[in-house]
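Novice: Letter by letter, the chains look like this.
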Amino acid sequence: MSKVLRSIEEAVKLIGVKSGMTLSFHHHLRNGDYVLNAVMAEVAKAGIRDIKINASSLFDVHEPLLDHIRNGVVTELETAYMGAKIGAAISSGILAKPVTFRTHGSRGSTIADGSSPVDVAFIAAPTSDKFGNCTGKIGKSACGSLGYAFSDAQYAKRVVVITDNLVETELENPSIKGDRVDYVVELESIGNVAGIVSGTTRITRDPVGLVMASYAARIIEASSLLKDGMSFQTGAGGASLAAAKYLKDIMLEKKIRGSFALGGITGYLVDMQKEGCFDKLYDVQCFDLDAVESIRTNPCHEEISAIQYASPDNIDAKVNKLDVVILGATEVDTDFNVNVHTDSNGKIMGGSGGHSDTAQGAKLSMIVAPLLRSRLSIVSDRVTCISTPGDTVDVLVTQHGIAVNPKRAELKQRLIDARLPIVDIHELKDKAQKLAGIPAPIPVGDKVVANVVYRDGRIIDTIKNI
Amino acid sequence: MCDAKICTDGEKMDIKKSAVAGTLESNDVFVEIEESDTLKIEIESIVYAQFGEDIKNTVKDMLDKMDVKAAKVSLNDHGALDCVIRARLETAIKRASEVEA
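Same order as they appear, the protein sequences are chains A and B.
Adding 793 to a residue's 1-based position in the first sequence gives its number in the working numbering.
Adding 81 to a residue's 1-based position in the second sequence gives its number in the working numbering.
Hints listed in this document are in silico derivations from the structure and should not be mistaken for laboratory results.
Mixed in with the good hints, there may be bad ones.
Here are the simulated lysine-lysine pairs, DSS-like style, with alpha carbons at most 25 Å apart [said to hold, decoys possible]: (1) A:Lys878 - A:Lys811; (2) A:Lys1240 - A:Lys878; (3) A:Lys1227 - B:Lys137; (4) B:Lys141 - A:Lys1227; (5) A:Lys890 - A:Lys1038; (6) A:Lys1038 - A:Lys1067; (7) A:Lys1224 - B:Lys150; (8) B:Lys150 - B:Lys121; (9) A:Lys923 - A:Lys806; (10) A:Lys1227 - B:Lys146; (11) A:Lys1041 - A:Lys1067; (12) A:Lys1047 - A:Lys1205.
Use the sequences and the hints to build the structure in full.
Specialist: Shown next as structure tokens:
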């Protein structure tokens, strides 16, 4: 008896995947992932219909999914993020039931507590042994952390590992242990390396981005949080990385040693940790090759699950220990609500990911975004979609000034004392309108295509068809 | 408001050749002017839903101010501000009319 099967087709058959089931996938292979498409092709071929997909994120590489939706193979989606091509199709109303958008943290907790049960989890594993012990740290398709897949592997009724590097000897220190795994399938390739991780993540050279990044670093410096033990999270965008660079300069100059950096980890955070800015890196997802190399070799770089990262049910979740997080936005309104789900036309092009998890957990949550993007103001009276509630957002940084949530009067005074350019958020809105003009309202349909579910399980907004 | 400056001595602008101005970068607009017997305006914009009418009015206003009666004017807009659209149009029209910009 062996868990190793010859094909996905065989796994689908032996497990007895049938109509109405929920299948789960994780997104560490990002826009290079072959696994979701390969599995769904077999499911469709077997004549199975009415499948619910619970994926930690969906990327544009998953476009074949749209045909499965049109053909009735897939009738329900639950995810924390979707790329713009998938999002545009969903926005057009091709799915019968609304998408359930969760956060990375609450996706983990709802799979764990059974409120969003998974029948079969498919784990894309860059290396596995024949027992199903697997890891993302080694193999030709190495992606580093498999953090978002931990809850799937732990709590799904059945688990299938799909790998393109099946090793003979038993794997030491696997990320996911084989005792949870029913079957192992070896494929020629589980992903396109070019789409899995970026070769290098570059700091922006755009002067607007650099101004905002320098404000962000100075806000941290003035916030009273910049001291030994500080913890920090930032994204992989050019301006976020530039903010990390400025922060690094300040930390090294003042000889400040932070406790940890969290989140999607980039080479830039790896360098900061090596140079002594942080004791540890806690990693749910690697963004680039330097991060993959680091999680493989650096004992201070620890792989964590979505539940350890951000579950609202876990009081010890890392986001609750977070001092500072730098986040992006497509829109912010004058109540500091943030939209990261749709573009300004109302079309889906993203999702919360860990946005609202970290915004609520961190002591200082900062949005960094240019005041105008292609004539569209970042600030409006009301965002098209509330992804992250304004009462969890502290500061908006733009190149035209910094707006502080009125709830944070003490912080505002500190930033004024540090001579940072503080403005009222309404002034930012007026300035943008003066520069760009007043946009005509966008007509939307009346069919709900997605529900945005907050960390606590409340539907905080709905997205209509367009 | 600044007709005299734009129209260079108030002369009528005759479109003598094809000309372009601008780029396809974000926040810019690419303007093409071609000879035509009538006035034709084509606008493509990533913010058409929000600013399509404004852009149309800006183009008409600029053509009027520069006294262009016949031309094919095409805009490929990637979210340029109004002042940028005006500047690109002015340059393209002057190039097409062989007037020193």
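Novice: Check each numbered hint against the structure and report the violated ones by number, ascending.
Specialist: Violated: hints 1, 5 and 7.
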